[in-house]
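**Student:** Per this note's numbering, the sequence shown starts with residue 539, numbered consecutively.
Take the hints with a grain of salt, since some may be wrong.
Calculated lysine-lysine pairs in the DSS-like style (CA-CA distance at most 27 angstroms, straight line) [what the hints assert, rightly or not]:
id : residue 1 : residue 2
1  : 729       : 687
2  : 762       : 645
3  : 623       : 691
4  : 761       : 623
5  : 762       : 729
6  : 645       : 761
7  : 687       : 607
8  : 691       : 761
9  : 691       : 762
10 : 762       : 607
Treat the hints as calculated values from the structure; they're not laboratory data.
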Amino acid sequence: MIFNKIVIYKVTTNNSLNLSFKSVKRFINFISNAGIETEVENFSQIHTSLSTEIIEQIYVQFPPESYPKILDVGCGSGVALEIYKAKGYAPTGITINAEEYKICEEKGFNVFLMDQSFLDFEDENFNIIWARHVIEHSMMPYYTLIEFKRVLKTDGMLYIEVPAPDTIFNHQNNPFHFSTLTKSAWTSLIKRAGFNIIDILEIPLVSTETDGEDFYWAFLCAKKT
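Sequences are here, hints too, so could you generate the full structure?
**Tutor:** Right, here's the structure in full:
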């Protein structure tokens, strides 16, 4: 016989989950090191043009007079920060990359070295959250979305853009992508996090820079009240 005895384990349960200091410290170190591993955003004409076009539409629907405070999550080298500032908004950027932080700071932007899942901002602080090609980098996207909701004002707007999996570029194999989900999975996760999806934009992208075809989804979301 493979098993000649049954071992019964006594499981003790309680009403709270207590994490040890060592466990929390390991996790903090893990997140901190992720910032060192990421690459600095390089200039891309096609991505800059796409961001400019979408921000122009946001400007029409959500003008800076009513929606002044922008949080650019994963601000890179400051491409969107520059566009938003030129439009009259008051943008704030966050990045986990120390070199990108330095670049944006030298450009005069309001920028913080901060992880998207651990936002060190007060509740209901921003009118618009711009999260373009960042949440796929989150190791726990549901929690990240909950943080977005927390710092977004009651009438605020969230813009999320993500790459589709299994395109010619195989974004799911990118070493910095941890959450390259399907359209239906993102839709479900966004709704469960407490957002109403106003619109979903499908973005087929033919890149002359990489000589290939790509595909993105964009979600325009309102915070549920």
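**Student:** Assess, step by step, whether the Cα of residue 729 is no farther than 27 angstroms from the Cα of residue 687, and give holds or violated.
**Tutor:** holds, 11 angstroms
**Student:** Are residue 761 and residue 623 close enough, with their CA atoms no more than 27 angstroms apart?
**Tutor:** Distance of about 24 angstroms is within 27 angstroms: holds.
**Student:** Decide if the proposed pair is consistent with the structure: residue 691 and residue 761, CA atoms, cutoff 27 angstroms inclusive.
**Tutor:** holds, 8 angstroms
**Student:** Run the distance test for residue 762 versus residue 607: straight-line Cα separation, threshold 27 angstroms.
**Tutor:** Status holds; Cα separation ~19 angstroms.
**Student:** Given the hint that residue 645 pairs with residue 761, does the C-alpha gap stay at or below 27 angstroms?
**Tutor:** Since the Cα atoms of residue 645 and residue 761 sit roughly 32 angstroms apart, the hinted pair is violated (cutoff 27 angstroms).
**Student:** What's the verdict on residue 762 and residue 729, does the C-alpha distance respect the 27 angstroms limit or exceed it?
**Tutor:** holds, 9 angstroms
**Student:** Straight-line Cα separation of residue 687 and residue 607 no greater than 27 angstroms?
**Tutor:** It holds: about 15 angstroms lies between the C-alpha atoms, which stays within 27 angstroms.
**Student:** Taking 27 angstroms as the top limit, are the C-alpha atoms of residue 691 and residue 762 close enough?
**Tutor:** Cα-Cα ~10 angstroms, so holds.
**Student:** With the threshold set at 27 angstroms, check whether the alpha-carbon distance from residue 623 to residue 691 stays at or below it.
**Tutor:** holds, 20 angstroms
**Student:** Measure nothing beyond the straight line between the CA atoms of residue 762 and residue 645; if it is 27 angstroms or shorter, mark the hint as holding.
**Tutor:** violated, 35 angstroms
Going down the numbered hints, you'll see the structure goes against 2, 6, while the others check out.
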